[in-house]
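Peer 1: One letter stands for each residue in the lines below.
Protein chains: 2
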Amino acid sequence: MKVRVYVMPKDGLLDPQGQAINIALINMGFAEVKKVRQGKVIELELEETDKILIKNRVEDMCQKLLANSVIESFHVEDI
Amino acid sequence: MKVRVYVMPKDGLLDPQGQAINIALINMGFAEVKKVRQGKVIELELEETDKILIKNRVEDMCQKLLANSVIESFHVEDI
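Chains G and W, in that order, are what the protein sequence lines are.
Going by our numbering, the letters in the first sequence line up with residues 18 to 96, in that order.
Going by our numbering, the letters in the second sequence line up with residues 18 to 96, in that order.
Each hint can be trusted.
Identical copies look the same in the list; a pair holds intra-copy or inter-copy alike.
With a straight-line Cα cutoff of 25 Å, these simulated PhoX-like cross-link-like pairs (lysine-lysine) come out:
id : residue 1 : residue 2
1  : K81       : K68
2  : K51       : K27
3  : K19       : K52
4  : K57       : K27
5  : K81       : K19
6  : K51       : K72
7  : K72       : K19
8  : K68       : K51
9  : K27       : K52
10 : K19       : K68
11 : K81       : K27
12 : K52       : K81
13 : K52       : K72
14 : K52       : K68
15 : K51       : K81
16 : K19       : K51
17 : K81       : K57
Hints are computed from structural coordinates only; laboratory data are not their basis.
Chain G extracted, bound-state conformation:
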C-alpha cells in the first residue's frame, strides 16, 4: 500500500524557502502571488495492507524521523 505524508512549516513560523519563491515569482511578473509556503511530500510504499495499523506506524515514523514537531506539522493520506 502507498501513503503520502505532507510536512509543512507551522503557521506563523518563518519559512525562508517560501519567501524566496514568493519574491522570485513576483520579480518574474507573477504579481498575483500573495503568499508562498514550501513543505515536503514523502511517498511511502509499504508491505502492509491493514489501514489502521499503517496509520499508526506512519504517524510514528513522522514523529521519530520525517517531521520536526517543534516547527513542522504533518498529515498522512492514502494514495
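Got chain G sorted already, so can you dock chain W onto it with the hints?
Peer 2: Quick look at chain W alone, frame taken from chain G:
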C-alpha cells in the same frame, strides 16, 4: 484562492533523499517500508479567482521556476 503544487522526482531517476529516508526507517525498525520518494509541496495564495486562468498561470510558474522539468514532474491541485 489557494493552490498546492506537488513536485516529485521523475520515476526511474535517482532520489537520494528518498533512499536516505528509506534506509533510516528500516534501521529504526520500520521493516515494512519498501520504497520512499521525496518531493516538494508548494502552497500558493493568489489574488485571483478565475480557475482556468490560475491553472495556466501556475503551470507557467512551475515550468519557469518551481520544477525542473528535466528531472521532476509536477501537478497542481486546488485547496
